[in-house]
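Residue 79 in full-length UniProt numbering sits at position 79 of the sequence shown, and the numbers go up by one each step.
Hints in this document: simulated from the structure, not taken from any laboratory.
A hint or two may mislead.
[Stated by the list, open to error] With beta-carbon atoms standing in for the labels, derived distance ranges:
{"#": "1", "residue 1": "Tyr45", "residue 2": "Asn263", "range": "27 to 37 Å"}
{"#": "2", "residue 1": "Glu56", "residue 2": "Ile419", "range": "47 to 57 Å"}
{"#": "3", "residue 1": "Pro394", "residue 2": "Lys165", "range": "44 to 54 Å"}
{"#": "4", "residue 1": "Pro303", "residue 2": "Ser48", "range": "17 to 27 Å"}
{"#": "5", "residue 1": "Gln201", "residue 2": "Glu424", "range": "17 to 27 Å"}
{"#": "6", "residue 1": "Asp241", "residue 2": "Lys32", "range": "16 to 26 Å"}
{"#": "7", "residue 1": "Lys86", "residue 2": "Glu424", "range": "34 to 44 Å"}
{"#": "8", "residue 1": "Gln229", "residue 2": "Ile298", "range": "52 to 62 Å"}
{"#": "9", "residue 1": "Val340", "residue 2": "Asn263", "range": "23 to 33 Å"}
[Stated by the list, open to error] In the BS3-like style, the derived pairs of lysine-lysine whose C-alpha atoms are separated by at most 27 Å in a straight line are:
{"#": "10", "residue 1": "Lys165", "residue 2": "Lys41"}
{"#": "11", "residue 1": "Lys104", "residue 2": "Lys384"}
{"#": "12", "residue 1": "Lys165", "residue 2": "Lys265"}
{"#": "13", "residue 1": "Lys397", "residue 2": "Lys125"}
{"#": "14", "residue 1": "Lys158", "residue 2": "Lys34"}
{"#": "15", "residue 1": "Lys32", "residue 2": "Lys165"}
{"#": "16", "residue 1": "Lys397", "residue 2": "Lys142"}
For each residue, glycine too, the CB sits at the ideal point set by N, CA and C.
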Amino acid sequence: MGLTNNLKDLYERIPKGVKFVFAPIFIRLMVKNKEFQHTWKQLDYFESLSESQKREFQLNSLKKVLQYAYDNVPYYRSLFDEYDFKPSQFRDFSDLKILPFLEKAEAIQAGKTIYSTDEKLKYYKTFTGGSSGQALTVLLDKSSIYRERACVTHFLSKFGYDPLKTKTVAFWGHNQDQDFYYSPLKNEIVISPFRLYQKNQFDAICKDIEKFGATFVMGYPSAIYLFAQMAEANSKKLKFDHVVYYAENCSLEEKDYIERVFNCKVDSYYGHTERACFAEISEDGCKFNDFYGYTELIPTDQPNEYRIVCTGFLSKKMPLIRYATDDVVHILPDGKMVLVGHKRSEIHLISKNGQHVFKGAMTLHIEELKKIKRYQYIQNEKGKVQLCVVENEPLTKDELKIIQNYISRRCEGLLDVEIKVVDELILTTRGKFNWAVCNIKDKE
Numbered sequence: 001m002g003l004t005n006n007l008k009d010l011y012e013r014i015p016k017g018v019k020f021v022f023a024p025i026f027i028r029l030m031v032k033n034k035e036f037q038h039t040w041k042q043l044d045y046f047e048s049l050s051e052s053q054k055r056e057f058q059l060n061s062l063k064k065v066l067q068y069a070y071d072n073v074p075y076y077r078s079l080f081d082e083y084d085f086k087p088s089q090f091r092d093f094s095d096l097k098i099l100p101f102l103e104k105a106e107a108i109q110a111g112k113t114i115y116s117t118d119e120k121l122k123y124y125k126t127f128t129g130g131s132s133g134q135a136l137t138v139l140l141d142k143s144s145i146y147r148e149r150a151c152v153t154h155f156l157s158k159f160g161y162d163p164l165k166t167k168t169v170a171f172w173g174h175n176q177d178q179d180f181y182y183s184p185l186k187n188e189i190v191i192s193p194f195r196l197y198q199k200n201q202f203d204a205i206c207k208d209i210e211k212f213g214a215t216f217v218m219g220y221p222s223a224i225y226l227f228a229q230m231a232e233a234n235s236k237k238l239k240f241d242h243v244v245y246y247a248e249n250c251s252l253e254e255k256d257y258i259e260r261v262f263n264c265k266v267d268s269y270y271g272h273t274e275r276a277c278f279a280e281i282s283e284d285g286c287k288f289n290d291f292y293g294y295t296e297l298i299p300t301d302q303p304n305e306y307r308i309v310c311t312g313f314l315s316k317k318m319p320l321i322r323y324a325t326d327d328v329v330h331i332l333p334d335g336k337m338v339l340v341g342h343k344r345s346e347i348h349l350i351s352k353n354g355q356h357v358f359k360g361a362m363t364l365h366i367e368e369l370k371k372i373k374r375y376q377y378i379q380n381e382k383g384k385v386q387l388c389v390v391e392n393e394p395l396t397k398d399e400l401k402i403i404q405n406y407i408s409r410r411c412e413g414l415l416d417v418e419i420k421v422v423d424e425l426i427l428t429t430r431g432k433f434n435w436a437v438c439n440i441k442d443k444e
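Kindly generate the complete structure, drawing on both the sequences and the hints.
Rendered as structure tokens:
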């Protein structure tokens, strides 16, 4: 197990300057890890199979997950027994339909019973962003770090990405350092979208990117689009090989604009913290990775719209079987599948300087979320928002202060955020929940 299973813990504690010096070592420890190498080879093998062979491979992978869950996870043993579902007799994908969907709220309610009791498994804890108003504590196998990275970079390699050599700049999250955060495992500098919103930062951002030598741009499309607008306004020519966005929707017009300004192709992929689903998105539409998991498309009450329900293969510690996401796809008349993502993800807040701030930049990712049942942003004035939280357990003054400091750092002075503990959140007239309510007129 050794050093490689604790890479993330190790590099998070190292000063940025030291990370740059030892970056080649960290990158090799990631890419040469046996789990990474094995997964990459399996992906090559999987892609060489015929469609019928791929279905058989996927069916066997699904059966292994089901059997493991029954043998090691109390929640699933109880559920399978209740529905008289026997993994050993699983023969066809349709057999899975006897089981109910696992909603996020049910996974939260299940608590520790949804975790594997296998004491040999090494794992780490993370949290879903809670962009739907609820945060789920997710336990993932440590080895899944390498399997996940192999899947992502294998997809990126189709565009010339080399996991040992390629450098990327990513626009997402918040700056853990004043200018950018450096991830040696990805050989990537991460620049907060909020830095883009600040005045007189464009030249400095370009200098950071060019000095680092990034050839791939990744991150939130709203931030990448803004960066492209700034580049055109400043007549700045930047040389990139490819742009890949995630976590938000991107209109065709925005995609075309980014391609024109940066003179390179734009593609995308879909995934989530729970690591139960991965999709590759290109001009041909959305294609789910059948090696990564089993994805079902369930019709909604809207024509040609389908909810994404998935069962992941990458991690055993917290199996998610028939996990119902908030994300949907549309199937066009020609059969092309278009990922819509969170149906209400286009909602945004307005910063002090009038920039649109989307949910990706405002999502909470801190441990204190375990005491928050749901949360929602309310905005009535430009540059000022109220973060309304419904407690799962009472929050202390110190915990509220930690949350306040966290979100203030993310906003970097462009949004003043006040936290308010409430009993319930605002729903639409149809009873739906939105991550934010912006009451500013003419906000477009």
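Each hint tested on the structure:
Against the hinted window of 27 to 37 Å, the Cβ-Cβ separation of Tyr45 and Asn263 comes to about 35 Å, which satisfies the hint. Glu56 and Ile419 have their C-beta atoms about 52 Å apart, which keeps the hinted 47 to 57 Å range intact. The hinted window of 44 to 54 Å between Pro394 and Lys165 holds, with their beta carbons roughly 51 Å apart. Checking the proposed 17 to 27 Å range against Pro303 and Ser48 shows it is violated: the Cβ atoms sit about 37 Å from each other.
For Gln201 and Glu424, the Cβ-Cβ distance of about 39 Å falls outside the hinted range of 17 to 27 Å, so the restraint is violated. Separation of Asp241 from Lys32 is about 24 Å and conforms to the stated range, judged on CB atoms against 16 to 26 Å. Range check, Lys86 to Glu424: about 42 Å between beta-carbon atoms, so the 34 to 44 Å window is met. The supplied range of 52 to 62 Å is broken by Gln229 and Ile298, whose beta-carbon atoms lie about 38 Å from each other.
Separation of Val340 from Asn263 is about 28 Å and conforms to the stated range, judged on CB atoms against 23 to 33 Å. For the hint linking Lys165 to Lys41, the alpha-carbon distance of about 19 Å falls within 27 Å, and the restraint holds. Straight-line distance between C-alpha atoms of Lys104 and Lys384 comes to about 30 Å, which puts the hinted pair past the 27 Å bound. Taking the CA atoms of Lys165 and Lys265, the gap is about 20 Å. The hint holds against a cut of 27 Å.
Taking the CA atoms of Lys397 and Lys125, the gap is about 25 Å. The hint holds against a cut of 27 Å. Distance restraint check for Lys158 and Lys34: the Cα-Cα separation of roughly 22 Å lies within the 27 Å cut-off, and the hinted pair is therefore satisfied. Under the criterion of a C-alpha separation no larger than 27 Å, the hint pairing Lys32 with Lys165 is consistent with the structure, at around 13 Å. Distance check on the hinted pair: Lys397 and Lys142 sit about 34 Å apart at the alpha-carbon level, beyond 27 Å; violated.
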